[in-house]
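*Asks:* One letter stands for each residue in the lines below.
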Amino acid sequence: MIELAQVVQVTDATLVGPPMSVRGMASLDQAGAQDLSFLMPGRRPETAAGALLLREQDRGDYAGVCLFVQDPYLAFAQASALFEPAWMAQPGIAPSAQVDPSAQLGEGVQLAAGVVIEAGVTIGAHTAIRPNTWIGPNCQIGAQCQIGNHVSMYPGCRVGDQGRIHSGAVIGADGFGFAPSDQGWVKIHQLGGVWIGDRVEIGANTTIDRGALDDTHIADGVKIDNQVMIAHNCRIGAGTAIAACVGMAGSTEIGANCTIGGAAGFTGHLSICDNVHIGAMTLVAGDIRQSGAYAGGVQGARPMRDWKRNMARFNQLDSLAQRLIALEKKINR
Amino acid sequence: MIELAQVVQVTDATLVGPPMSVRGMASLDQAGAQDLSFLMPGRRPETAAGALLLREQDRGDYAGVCLFVQDPYLAFAQASALFEPAWMAQPGIAPSAQVDPSAQLGEGVQLAAGVVIEAGVTIGAHTAIRPNTWIGPNCQIGAQCQIGNHVSMYPGCRVGDQGRIHSGAVIGADGFGFAPSDQGWVKIHQLGGVWIGDRVEIGANTTIDRGALDDTHIADGVKIDNQVMIAHNCRIGAGTAIAACVGMAGSTEIGANCTIGGAAGFTGHLSICDNVHIGAMTLVAGDIRQSGAYAGGVQGARPMRDWKRNMARFNQLDSLAQRLIALEKKINR
Amino acid sequence: MIELAQVVQVTDATLVGPPMSVRGMASLDQAGAQDLSFLMPGRRPETAAGALLLREQDRGDYAGVCLFVQDPYLAFAQASALFEPAWMAQPGIAPSAQVDPSAQLGEGVQLAAGVVIEAGVTIGAHTAIRPNTWIGPNCQIGAQCQIGNHVSMYPGCRVGDQGRIHSGAVIGADGFGFAPSDQGWVKIHQLGGVWIGDRVEIGANTTIDRGALDDTHIADGVKIDNQVMIAHNCRIGAGTAIAACVGMAGSTEIGANCTIGGAAGFTGHLSICDNVHIGAMTLVAGDIRQSGAYAGGVQGARPMRDWKRNMARFNQLDSLAQRLIALEKKINR
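Residue numbers (the working numbering), protein chains in the order written: chain X, 56 to 388; chain L, 56 to 388; chain E, 56 to 388.
In case anyone wonders, no lab produced these hints; they're calculated from the structure.
The structure presented is a predicted model; accordingly, all values stated were derived computationally and were not measured.
Just so you know, not all the hints are guaranteed correct.
Copies of the same chain are indistinguishable here, so a pair counts whether it falls within one copy or spans any two.
[What the hints assert, rightly or not] The calculated lysine to aspartate or glutamate pairs, modelled on EDC-like cross-linking and capped at a C-alpha distance of 20 Å, are:
1. Lys242 / Asp253
2. Lys363 / Asp342
3. Lys385 / Asp155
4. Lys385 / Glu58
5. Lys363 / Asp373
6. Lys242 / Glu162
7. Lys242 / Asp126
8. Lys385 / Asp253
9. Lys242 / Asp275
10. Lys242 / Asp216
11. Lys242 / Asp269
12. Lys242 / Asp270
13. Lys242 / Asp67
14. Lys242 / Glu139
When you get a sec, could you build the whole thing from the sequences and use the hints?
*Replies:* Take a look at the structure:
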């Protein structure tokens, strides 16, 4: 049970009602008497929640326990941390974890069953790693990180403080580099690493490849969803958020505070400036030098027959345009 | 070796020929005298197979051993189960599996090497789990499930009976939720779970995120291919089949008995009704309220030069359309 | 430290300068006095590198240590192998690796902690496997392979010599096959395997499904990037390179020496001939019978407002085309 006083503390809310405790958080229509909920600005406070985060001006005649805040969605985020179960089921270092004697573990590090820590690794204080994860030689992991199970960190990669890396993420696998030769592809062994800053979140089964020579670079505060692919030598600016299934070819540079929609692609060797917002499934194929919202591709599902008719015309577009131009000339002559 | 009598039993076939046994199943042109094969309706039974599942009317003058069925493709599926090797290499619970004393294991549960079962987990009878999989605290797994290796089940997730989950699947990682603030993104800790019904198949390296507050919900009989991404609070209706590489943003609701083509995307907060069929690589961006087949995007590969010409016109489409309209006005004046 | 004499040996270079050793490789502008770098043809040799791979004709008045080669990019690839750290942190077979007594291991095989080798497996000489990987019953792995951690090889799959498989790759999970029936989907148990040739590289979290009846087939020298999905019964020809996030539906056949751009898709049951090059995010939906470069889809990101206007016209394309044709008839009457 969480006391509302704790919620007040993390959200800076003003409590209107008696001291009480809640068991969990729930959405407005699912919440019961033991739950805390939140009200988006301008909505009506119709809920059975035991306590409600909301703006004072949205209260109306709501008689329940109120926690007044300026930004209820932000307050929801702040409060949510109180209700999350512990990252680790067991404290300490599991007997079946294998730690090389040369590794340096900070105070309070937790390693679950089957974790493998290779030589030369350093792990900061209070970082916790779930079962069967592999941390390769000479990796550096900061303090207060939460690392899932089946995570792979190839040799020499670096993660800063307060990172959260989800299960199945692979950090530092080889970039995809081959030189053509008469005898077929010759592998370019990937000699760079991956440098990841502080407060970075990396989703499940996401892959971030090591650089060919220099490092792949993920700045502070970057948030990356599941199944994202970041190729060798990409550079992602601070605070940028990348939705699921995005793919970036090598040496893509993304600025700070960008948002990238799901399944968008980048053809590589591009430079995207700060504060750019890219729509879902857009294939970015050139530099972007001005902040703003961008999109590409064809969005929306149509009944199959309609779509087929329009789709067929796509492959005639140039010829249709030329016929239009010819017609214009004829008329305007 | 499998007796044809067993095949008859699972397919409800009529055997025309002597009792015999077969070693395996094979496609029509690869099958030999020890193989069972099947004939799609209307095709000619030219094969060296030892026995053949087919419709009686397709027999012609074929002299080999026949198993008459109404639907040979369905019979192929039914018979295939007889030939699959056992899911587990070893029965019982491997010495290196780690099971929390509070976990409840049904009769005949099999756990391979390196499996980690945390506190409060329940596993139904005859469920089998391959090496190095992690089942987090308080997960519930039904009976007769087959769970691959390196599967991750985050705390509190639920899978029904007869599920099959392939290697590298991640169930219940955090949904991608952050609230913007003056200090950057503030994480919305994901407090919901994942609820998965009976007879659900989940492909390799697929990720299904836990809900923010309520559960992500996968109904009975849903089939999900590899590398699918299902975000927090999605709801998938019974019997829906989802091909590989599909991505769904948060709170997408898909009805029952839908089929979703490979690499299709959903922009989130959408509602798709029952019996909808979506083409490959379509980006669905609005609700669909009527059953039927839908598609979007541009399909097909063209010689590079042709494509570039048509592609360039896409970015002039609105201007071309307006010129056409202007021309129409001029002519029809 | 690597002697330049070793670089000369693998690149067939002509050394102009004194014998010396270098610590690593670096890009032109990052390289210091202890680094080897390389110069792309036609560029100017401005660098602080200790030694430089370049064409003799690009030397100009560069006074540093030179290694003359015909193809500097190829020489870079050849030299890079000298600088890569060892694949394995520890030689030999880790105590916590579990090897079935019936498995046959060649000379110098290295198995890291938590690796599970099931019955009937054969592994060739000097193959090395990183922690927690699972090799299922009756798999065959050739000599001098490097296999990452958390790799899954389902029963009966085969990899040739000198393969490199990255972390999280899943070889041989079930193809996605179900027959419809009155009682819902009936699983087609996948009875084929996966056959992978020599010198194949497979990226992190890539999935290659087993065949339904026959094998999925990856020929010699194929290079596959991360998060690629290859469905059951696909066949990939020798020397073909497949970039990240590509998805192929079942029974796609790709010829030899093709290159497939990132996130391209194939709708299945297609045949693509040799020496075909497919652009990023193209959805290939028909056979290709002639070598060359192909592309599809809509490429490029546009400011949101422009894009929306053009995008809206896509769904009017057929009607616009018909209006154009009608106008042409009227004018030319």
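*Asks:* Quick one: Lys242 to Asp126, C-alpha cut-off 20 Å, is that within a copy, between copies, both, or neither?
*Replies:* between (52 Å within a copy, 14 Å between copies)
*Asks:* With 20 Å as the alpha-carbon cut-off, assign the pair Lys385 and Asp253 to within, between, both or neither.
*Replies:* Neither. Shortest intra-copy (64 Å) and inter-copy (63 Å) distances fail the 20 Å Cα cut-off.
*Asks:* State whether the alpha carbon distance between Lys242 and Asp270 is at most 20 Å within one copy, between copies, both, or neither.
*Replies:* within (18 Å within a copy, 27 Å between copies)
*Asks:* Could you figure out if Lys242 and Asp216 sit no more than 20 Å apart (CA to CA) within one copy, between two copies, both or neither?
*Replies:* between (34 Å within a copy, 15 Å between copies)
*Asks:* As a check of your reading, is Lys242 near Asp67 (CA-CA no more than 20 Å) within one copy, between copies, both or neither?
*Replies:* Intra 56 Å, inter 17 Å, cutoff 20 Å: inter-copy only.
*Asks:* Using 20 Å as the alpha-carbon threshold, which applies to Lys242 and Asp253: within, between, both, or neither?
*Replies:* between (32 Å within a copy, 14 Å between copies)
*Asks:* Which holds for Lys242 with Asp275 at a C-alpha limit of 20 Å: within a copy, between copies, both or neither?
*Replies:* The answer is between: 14 Å across copies meets 20 Å, while 32 Å in one copy does not.
*Asks:* With identical chains treated as interchangeable, where does the CA-CA distance between Lys363 and Asp373 reach 20 Å or less: within a copy, between copies, both, or neither?
*Replies:* Both. Shortest intra-copy (18 Å) and inter-copy (9 Å) distances satisfy the 20 Å Cα cut-off.
*Asks:* Check Lys385 against Glu58 for me: Cα-Cα at most 20 Å, and say if that holds within a copy, between copies, both or neither.
*Replies:* Close neither inside one copy (79 Å) nor across copies (74 Å); limit 20 Å.
*Asks:* With identical chains treated as interchangeable, where does the CA-CA distance between Lys363 and Asp342 reach 20 Å or less: within a copy, between copies, both, or neither?
*Replies:* So Lys363 and Asp342 pass the 20 Å test across copies only (18 Å; inside, 32 Å).
*Asks:* Is the C-alpha distance from Lys385 to Asp155 at most 20 Å within one copy, between copies, in both cases, or in neither?
*Replies:* neither (81 Å within a copy, 82 Å between copies)
*Asks:* Using 20 Å as the alpha-carbon threshold, which applies to Lys242 and Glu139: within, between, both, or neither?
*Replies:* between (45 Å within a copy, 11 Å between copies)
In the structure shown, a violation is registered for the earlier hints numbered 3, 4, 6 and 8, in ascending order.
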